[in-house]
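Novice: Take 1 as the starting number for the sequence shown in the numbering used here and just add one per residue.
None of these hints come from the bench; they were simulated from the model.
This structure is a prediction, so every number in the text was calculated from the model and none was measured.
It is possible that part of the hints are untrue.
[Said to hold, decoys possible] Label pairs and their calculated CB-CB ranges:
id : residue 1 : residue 2 : range
1  : 39        : 267       : 37 to 45 Å
2  : 132       : 181       : 33 to 41 Å
3  : 250       : 142       : 20 to 28 Å
4  : 27        : 144       : 38 to 46 Å
5  : 39        : 196       : 37 to 45 Å
Ideal placement from N, C-alpha and C gives every residue a C-beta, glycine not left out.
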Amino acid sequence: MALKTPFANLEPDQIDVEVMSAFHLEGRYFSVSVQLSDENDEIGHSYLLKVLFDGKTLRYETLLEVPNLILAHVSPTPIDHVALEIGGTTHFLHGTAHATSGTPDQFFNKLYHQEGGAVYLYGEHGTVCVAEGHAWRTIKPIAKSFLRAMHGPRNGPVHVAGDDGTLLRLAGNGWKRIPLNFNRSINALQVAEDGVVNIGCEDGYCFQYFEDDLAAIEAPERDFFSICEFKGKRYWGDDEYGLYVQKRLKLAPLKELGYGYAMQASSEFLVVVGWKEVFLFDGSTWVGFEFGYNKGLHAGIIDMSRRLL
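All chains, please: the whole structure from these sequences, using the hints.
Specialist: The following block contains the structure:
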């Protein structure tokens with residue numbers, strides 16, 4: 001049964017619709033978390049959706065609906081999902097089963113699932129928790145910075161990064177600090193299978209780190225929020241243009257999507273989250289869908305032929 005939303009007295013242009021996370025599940029199915037809020041973020045309502053989209057047909061079903069803001073979700077398998085509410089409540093979905101859990105007394109705003117590995121929760125005061133069943137175990141912090149990005153290769157250690165140039169590597173059950181000798185906030189992080197760490201910051205400051213060597217990547221003066229490898233290429237997302245592809249130590253414009261807030265990749269699709277949009281790239285063709293609100297949540301297919309090239 002759908003919950004009554006708190007937006008009955010607001011006009012559609014007074015309601016902010018934002019996609020928080022999106023993952024390719026299998027076939028033509030995707031999981032998407034959508035957050036609704038008023039202009040002052042005083043009221044919120046959120047959905048975790050299972051979307052069927054083949055480029056021409058778009059349908060969705062609601063897996064979870066909460067009268068609050070969902071900040072992030074991950075989908076470790078096509079039937080397993082973890083969603084994080086503001087305030088710390090986490091929802092664990094397995095098929096039709098649903099369990100909830102609280103978190104430690106810090107502010108957490110991100111989730112990360114390492115392919116083939118664990119689910120992590122992270123946020124302020126350098127705090128990271130790892131899921132154990134439906135509970136969270138805190139990994140002893142060694143930094144006080146706000147953590148903004150997390151990644152690890154399938155067969156390598158997880159890294160987490162954030163404010164003040166903080167970069168940490170998980171070694172066993174504890175963190176090891178990697179000194180970068182700069183104090184910029186790190187918003188985007190991607191660790192390649194060969195151990196190269198790719199770092200995206202504000203104002204076009206982008207780097208590669210490997211074995212104590214930090215090399216600058218030439219990039220436009222924009223804020224970078226996401227990095228992802230797909231079919232042998234590395235893609236970077238910013239807050240103004242959209243998507244870039246890395247060529248040696250330079251970022252080249254690829255697709256003007258407007259925003260590349262988050263990215264995930266499967267063997268079939270690069271999934272890019274914009275503002276209220278989800279874009280899909282198979283290596284040659286772009287398709288996408290977007291959400292809106294007018295007396296109820298709705299979704300529509302994006303005409304990519306009219307999208308800026």
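Novice: Hint by hint, say whether it matches the structure.
Specialist: The hints, checked one at a time:
Against the hinted window of 37 to 45 Å, the Cβ-Cβ separation of residue 39 and residue 267 comes to about 40 Å, which satisfies the hint. Roughly 35 Å separates the CB atoms of residue 132 and residue 181, a value that falls within the hinted 33 to 41 Å. Taken as a hint, the range 20 to 28 Å is violated for the pair residue 250 and residue 142, whose Cβ atoms sit roughly 34 Å apart. Between residue 27 and residue 144 the beta carbons are some 44 Å apart, a value that agrees with the proposed interval 38 to 46 Å.
Look at residue 39 against residue 196: about 42 Å separates their beta carbons, and that is inside 37 to 45 Å.
Violated hint: 3 only; the structure is consistent with all others.
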